[in-house]
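There are 2 protein chains.
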Amino acid sequence: MQELRVDGKRLWDTIMETGQIGATPRGGLNRLALSDTDREVRDWFVEACRSLGCTVTVDEVGNIFARRPGSDDSRDPIAIGSHLDTQPSGGKFDGIAGVLSGLEILRTLEDNHYQTVAPLELIDWTNEEGCRFAPTMIASGAFAGIYSTEFAHASTDRQGLTFGEELERIGYRGKARAGDHKLGAYFELHIEQGPILYEEGTTIGVVTGAQGQMWYDLTVKGSQGHAGTTPMPLRRNPVLACARLAEGVNRIALNHPPSGLATVGLIEVSPNSRNVIPGSVFFTIDMRHPDAEQLRAMHGELLTLVNQVVADTNTDIDLQNVLEMPPKQFDARCVGMVRDAATRLGYSHRDIVSGPGHDALNVAAVAPAAMVFIPCEKGISHNEAENAKPEDVTAGANVLLHAIMEYDRRTAVAV
Amino acid sequence: MQELRVDGKRLWDTIMETGQIGATPRGGLNRLALSDTDREVRDWFVEACRSLGCTVTVDEVGNIFARRPGSDDSRDPIAIGSHLDTQPSGGKFDGIAGVLSGLEILRTLEDNHYQTVAPLELIDWTNEEGCRFAPTMIASGAFAGIYSTEFAHASTDRQGLTFGEELERIGYRGKARAGDHKLGAYFELHIEQGPILYEEGTTIGVVTGAQGQMWYDLTVKGSQGHAGTTPMPLRRNPVLACARLAEGVNRIALNHPPSGLATVGLIEVSPNSRNVIPGSVFFTIDMRHPDAEQLRAMHGELLTLVNQVVADTNTDIDLQNVLEMPPKQFDARCVGMVRDAATRLGYSHRDIVSGPGHDALNVAAVAPAAMVFIPCEKGISHNEAENAKPEDVTAGANVLLHAIMEYDRRTAVAV
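Order-wise, the sequence lines are chains A and B.
At position 263 of the first sequence (counting the first as 1) the number is 263 in our numbering, and the numbers step up by one without a gap.
At position 290 of the second sequence (counting the first as 1) the number is 290 in our numbering, and the numbers step up by one without a gap.
No lab work stands behind these hints: they were computed from the structure.
A portion of the hints provided could be inaccurate.
Copies of the same chain look alike in the list, so a pair counts if it works inside one copy or between any two.
Stated by the list, open to error - No more than 20 Å apart at the CA atoms, straight line, and that leaves these computed lysine to any residue pairs for SDA-like:
{"id": "1", "residue 1": "Lys221", "residue 2": "Glu268"}
{"id": "2", "residue 1": "Lys378", "residue 2": "Ser223"}
{"id": "3", "residue 1": "Lys378", "residue 2": "Asn314"}
When you get a sec, could you build the whole thing from the sequences and use the hints?
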C-alpha cells in the first residue's frame, strides 16, 4: 500500500481532455460558473464518476458529490474536492487539477482494488471563482452554513440573471439540502497561484491556512454631461473619484508590507462614451492580508479614503462589503498528514499560507481540512498562460492519495 | 416676407414625434449611428422631405441631401443641416432640433409658396456623435475632403463592425461621391450644450467659431495575475496607469483655465474580473481649448505624463491621436446674417464660441458657414435629461429662416 501511486500520464491526459470544454484560442479556459460550458464539464464529470461505480448526488446549490463506498459505510466520508469553473480568461489548472487529481485517486484505488474503511467522496463545488456570482465560494459557503441557500440563489450576475435560475437552467439544482452532508475530513489540491514554490523549486506546499480577504462593490454617482462644454470646476466626475480610489487602495496595500494586497479588477463606466462625462462608475476592490489586525486597519483606511474622495470630487459613493473572510488556520492533524505524506514520498516541501481563498477554507468551518499546493509556472494564474508541470501534478496527487489513506488508517484504528 | 415665421407648434410636435424612435425609458434617446433606429428615423426623414416635393440623394458615406428647387436652379444651394444620430443615452434635441428646424423651414416656405432664388438643401449628416465610430463628424469630414471615403468606411466600432458594412446593412450607402456636391452656404441650428445662454437668459447664440479638440485612444498593457498572490512591488497594473492618467489629464485641464477641458469618458478593462489583476485597459481622452497655442501645450503635457506613467507603473502604453481639430472661425458674412436676423426679429442674442464640435465646422472648410445656438436646460446635454423650451426652438428656427432668406436675397442681388 505504501507503494501505491497515481497514473500521472492518465491524470495529465484527463486535464488536457477536459481542457477542451470552454477552451480559448490562447490555450486557456472560459468556463464561467453555471454557463453552458460549466454544464458540459459537469456532465462529463458525473459520467466519469459513475463509470467507476460511484453514486452521484447534487445539492440545492449545485455542489456535486460522487461517493465510493468504504468497508464501513456508516462512517463519515473522507472528501477530496475543488472546482471546475474558471475565470473568463482563466487557465486549465486552477481548481481543475484538484478535482481531476481526486478522480485519478478514485481510478487508482479502483485499479488496485483498494477499499478504504470510510467511504470516499469527490466533490465539485459550484461557483468557486465568484467572478460571475459574488461572493466567491458561495456554494461551499452554503454547504458550511456560512450563507443561506436563499442568499446563494438570489446572487445576481451583471446581466441580472440569478444563481438559482441559472442553476435550474443548466440542470444542476439538486434536491439534497446544502449542508445536510457530514464529512469526516476534507483535502484539496490546488496550484499555488503565486510564485513561491516555483521560484524556490519546491514541489509541495503544505498549506497551514489562508490570508484574510475583504471584497467591496463601489458605485460612484456624479453628473453626466457634455465633455466639450462643462467647465472643469463644475464637474462631478465619477471617473476621477474611481481613479483616486484605485490609486488610494494601491497605497493602502503598500502601507502594509510585505503581505498587504489590493486590487481594482472590474470597472464599468456609464454611459461609457468618449465625449460624455460619465454619470456613474461601478467598480470592485479586493483587499487581502494574512494578519487579521492589519486587514482591519486596511479596511479602516479605505473608509477614510472613500469619505475624502466624496468630499473632494463632490460625488456620491455607495460602498458594499460583499465578502469578509478573516485569516484562517487549517486542522493541525490533517495538515500534519499532508506534510508526512510529502516526506514519506520524498518530495521537497514547505509550509505555506494561501493567498487566494479556497473552498477548503469554507469546509474547514464544519470538518477538519487541509490543502496541498503544487507550483505553477512563474506563479501566473487567472490567466490563459497559467501552466503547471506534469510531474508536479502527479506529485501533488500522490501526496493527496497518501494523506487520505493515512487519515483513513488512523481514524479506523482510533474507533 | 419680413413677416414670415415658422409654425413653432408643428416644429415641437415633430421633435416629439421622432423622439419616439429609439426612445429610452427616462425620456431620452438611444439612436446610435447606423443602428436600426438610425435607419428608422432616416426613413421617416426621407419620406417627410419627399412629401414636400424635395428630391433626395444619399452619398457614399450616408449623408442625406433633400433639395428644394430655387427660381435659378443653376446656383449653388443654400444648405441647412445637422444630425439625427444620438449618444447611447442622449437627449431629444442634440442635432435633431437642427434637422427638424430645417424641415419646418421647408414646410413654412411651402405653405407660403415662397421660392428662393438659389435652391435650398436640408442635410442629415451621418455619425456626428462619433461614439460608435471614431472620429466624430466623420461623414461631414468626408464631404469636406478632410477624410477619404475609404477611411470613413473602414472605421470600426468596439464590436468590430465597420462603418461601411453597417451603412450597407441599413441601406444608406448611396452612390453619390462624398464631396462632389458644392454648397453656396451652410447654416446649422443646435442646442448650446453648455450653460451660458441658459444662465444668462439669452435666446440666441451667434456662433463665431469653435474651440479646438484632441481625441486619444490609449491601450495600457500590464501583467494579468491573481489578485490574492502577486506581491504589490511585482505588479504591472494597467488600472493604476489608467487611474494616474485620468487624474493627470484632469490636472492638465485645470492648468489651462478657464477654458481647458479634459475628459476620460470610456474605459474597458480586460478581463474585468474582481479578483484578477487586469492584463490591459483601453480608455479614451478628450481634450479641448479655444486657443490653439494652449491646446498644443496640453497635448505636450499629456505626452510627458504618459512617459512618466509608463516609467512609474512598468506598463506599456499605446497612445493614438484619433482626432485633431484646431480652433476654427466661421465665415464673417454668414455670422453677420445670423446676428442681423436675431436683431431684426427682436430676440436677445450674444456672440458665443462653440464648445462641442459640429458638422458646420467641417463644412466650413468648403463653404461659407455659420451656426445658431439656442439654450438648453442647465446646459445639460449628452444626457437623457437634455431639454429645451419650445419658444427657444421656435426662435432659433426663425433666425435660421431669416438668415437663409437674407443670404439668398443678397447673393441674388450680387450676381
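These are the hints, each one checked on the structure:
no.: 1; hint: Lys221 / Glu268; verdict: both (12 Å within a copy, 18 Å between copies)
no.: 2; hint: Lys378 / Ser223; verdict: between (44 Å within a copy, 12 Å between copies)
no.: 3; hint: Lys378 / Asn314; verdict: between (43 Å within a copy, 18 Å between copies)
Every hint from the earlier list agrees with this structure, and none is contradicted.
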